[in-house]
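Undergrad: Could you put together the complete structure from these sequences and hints?
Protein chains: 2
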Amino acid sequence: MDVMYAYMPESGELFVKQLKKSSILALYVIGSTLTSTIPGISIAGANPEATLYTPTGDAEYLFYGKVVSFNVIPTTPDGIPTPAVITRASLELLNIPFFVVNAGCYVRPKIPFIDVNGVVGNDIRTGNAMKYDDVIKIYENSKLFGEKIGKLANTVLIGESIPGGTTTTLAFLLALGYDAKYKISSASAYNPHDLKIKVVEEGLKNAKLSIEEARNDPLKAASKVGDPVMVAMAGLVDGIIKSDAYVLLAGGTQMSSVIALLKHKNVGLDKIAIGTTKWIISDRNSDIVGLISQIGKVPIIATTLDFSKSEFYGLKAYENGYVKEGVGAGGTALVSQIKFELSSSDLANKIENEYKKLISKK
Amino acid sequence: MDVMYAYMPESGELFVKQLKKSSILALYVIGSTLTSTIPGISIAGANPEATLYTPTGDAEYLFYGKVVSFNVIPTTPDGIPTPAVITRASLELLNIPFFVVNAGCYVRPKIPFIDVNGVVGNDIRTGNAMKYDDVIKIYENSKLFGEKIGKLANTVLIGESIPGGTTTTLAFLLALGYDAKYKISSASAYNPHDLKIKVVEEGLKNAKLSIEEARNDPLKAASKVGDPVMVAMAGLVDGIIKSDAYVLLAGGTQMSSVIALLKHKNVGLDKIAIGTTKWIISDRNSDIVGLISQIGKVPIIATTLDFSKSEFYGLKAYENGYVKEGVGAGGTALVSQIKFELSSSDLANKIENEYKKLISKK
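Chains as they are written, first to last, in the numbering used here: chain W, 2 to 363; chain Y, 2 to 363.
Hints were generated in silico from the structure; no laboratory data involved. Keep in mind that a hint or two might mislead.
No distinction is drawn between identical chains; accordingly, a pair holds when it is met within one copy or between any pair of copies.
Claimed, not checked - Simulated pairs of lysine to aspartate or glutamate, DMTMM-like, Cα-Cα distance not exceeding 20 Å:
hint	residue 1	residue 2
1	K67	E141
2	K264	D245
3	K279	E14
4	K111	D135
5	K149	E93
6	K310	D347
7	K152	E93
TA: Dropping the structure here:
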């Protein structure tokens, strides 16, 4: 079993130890922000408009191994496949129950899903991402659901799919006064930091919110420059922890917004860990440890899953800095490794097979 | 613990035995059929139009102890409260996780709920209650969700809230060739059998479906004269059983449509029991045993919960043949009695307290 402890290794090891004997279930939170349609912001879709359909496609793919609402699997403009391929292969291995939470999708997926009365987020340049009432509703509904689901497992894994989510994370962290510039990841190998900063600064200017106000009411900050997924994830964590379960946040630098939101709502962080990929940890264009360490002592654990020997261009691209993370890929892969004591190459083989199935269906 | 075995007592006792040591979770399926707005068909609402809002109110009340979407608790025209009062008091006692499944609500409840892409059912007099494709979708989504949720507990309780549901049950059973006339219950003390039969016969005439066709494809029969809740419940059961869990169908004579649907889809019935109230068992205007015994060997177990000593008119009315069942009241009460070895009067006291809280909030 190849696992990487990137931050707070002792707590990370304890977390892995409890995970080993834990009953686990997984939630994948999907939603959209119109921010993803700004050209250049997101490659989580074949073109800017298509990014709005990616979360729906990801969710359907997790359930059925194919997308049913439209005739396309989410890819980058270059055809690099969604990380949901990793997630699905790991879930098939794990055979754990998983559910999709709709925090505000552009298109409702054709699967059974948890509805938390979500909304699609506006372009954050407006400084008015969501109505405050909607944010409260999403948070409270997610918390209520989290409380109930937290009674059903020792550990709940939570992943996400929201194109544009790293940009909203940057905005949210800056609103709260964190040093986040040039630290946020991207699905692209060429992280468009300067474009993101420009978008975010326009949003922050229009939001007219002081750091103090944002820290006193992080849901207000989310309503100004956040997105529905960060709100739902934080609400879920709040509820799950209330029911005394552990949480593995399965995602990359985006998870810093969830943790910051929880911290400034005075929710304890000690039952939380982040599970991600080595592609995030080793990314030279972002700095997950530099982000999380500003916020709280949340261990970061990564799968060392590696596609450098893959026969497929689409997977090999991950080794060249594309995609890196998403749809809970890193965390779900990590859990499957921990549960089955799998080496990274064993897991990579499983995922290759899943990918073969996917492309043969085309 | 006072429990009544009304049908297949030996299997019933075995079911109770496994329930005692079972982990349990509960689902409440809500939905609407426009059939409930035909004057005289349903008293599950202050007036025929109001019956469309009852499932939403019931679901919100289960979560919050009050209705949030509108300013009224579901009652009969005489002010007799929804059986959700019994359900909520029992759930508070049990402290088990429960979820609401929206099979097709007229108004989306302001709670986190499971969405199975449901639809509101048409007036069954049209012989065209739902599009066939929608019925398939509801069934398949519910089955998928059932499979996942079935991994999380040994026994899943499933209740329902759909005004007009006994009328659609009558139509569905007649479509399948069962002897169901005058055997279906009603929330009214004065069961409007003849009105129901008239409505149902109009629907069956317009449906133009032979008994053989209906038995070969029960989902088609449901699409003609059924409702979304019976479809979702059957799908849930199918999935839950596939994951090897037991099912307690928490409801009255309506449960016969769910069991018939499953039987004619060749789903095994041996892990299912019905949990209901003594008000259903002892009702002289309906015959649950006469219905179920035609379909399959599914044990019927009832709580002997009794409100004859209640200080409240609204609860005492249950002893005079009003309401009787709904929102999984009987089954949920039964489980709380079994788990805590409660006598009927202990449980009645708990419910009185819950009812006091409810009316003091007004």
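Undergrad: Decide, hint by hint, whether the structure agrees.
TA: Consistency of the hints with the structure:
1. Only between protomers do K67 and E141 lie at most 20 Å apart by alpha-carbon distance; the minimum there is 16 Å, versus 32 Å within a single protomer.
2. Proximity of K264 to D245 under the C-alpha cut-off of 20 Å is restricted to the intra-copy arrangement: shortest distance 17 Å within a copy versus 40 Å between copies.
3. In this assembly of identical chains, K279 and E14 lie within 20 Å of each other by CA distance solely inside one copy; the values are 17 Å within and 54 Å between copies.
4. For the homomeric pair K111 and D135, the shortest alpha-carbon distance between copies (11 Å) is at most 20 Å, but the shortest distance inside one copy (23 Å) is not.
5. In this assembly of identical chains, K149 and E93 lie within 20 Å of each other by CA distance solely across copies; the values are 13 Å between and 24 Å within a copy.
6. For the homomeric pair K310 and D347, the shortest alpha-carbon distance inside one copy (12 Å) is at most 20 Å, but the shortest distance between copies (67 Å) is not.
7. Taking identical chains as interchangeable, the C-alpha atoms of K152 and E93 lie at most 20 Å apart only when they sit on different chains, with a minimum of 14 Å there against 23 Å within one chain.
Checked against the numbered hints above, the structure breaks none of them.
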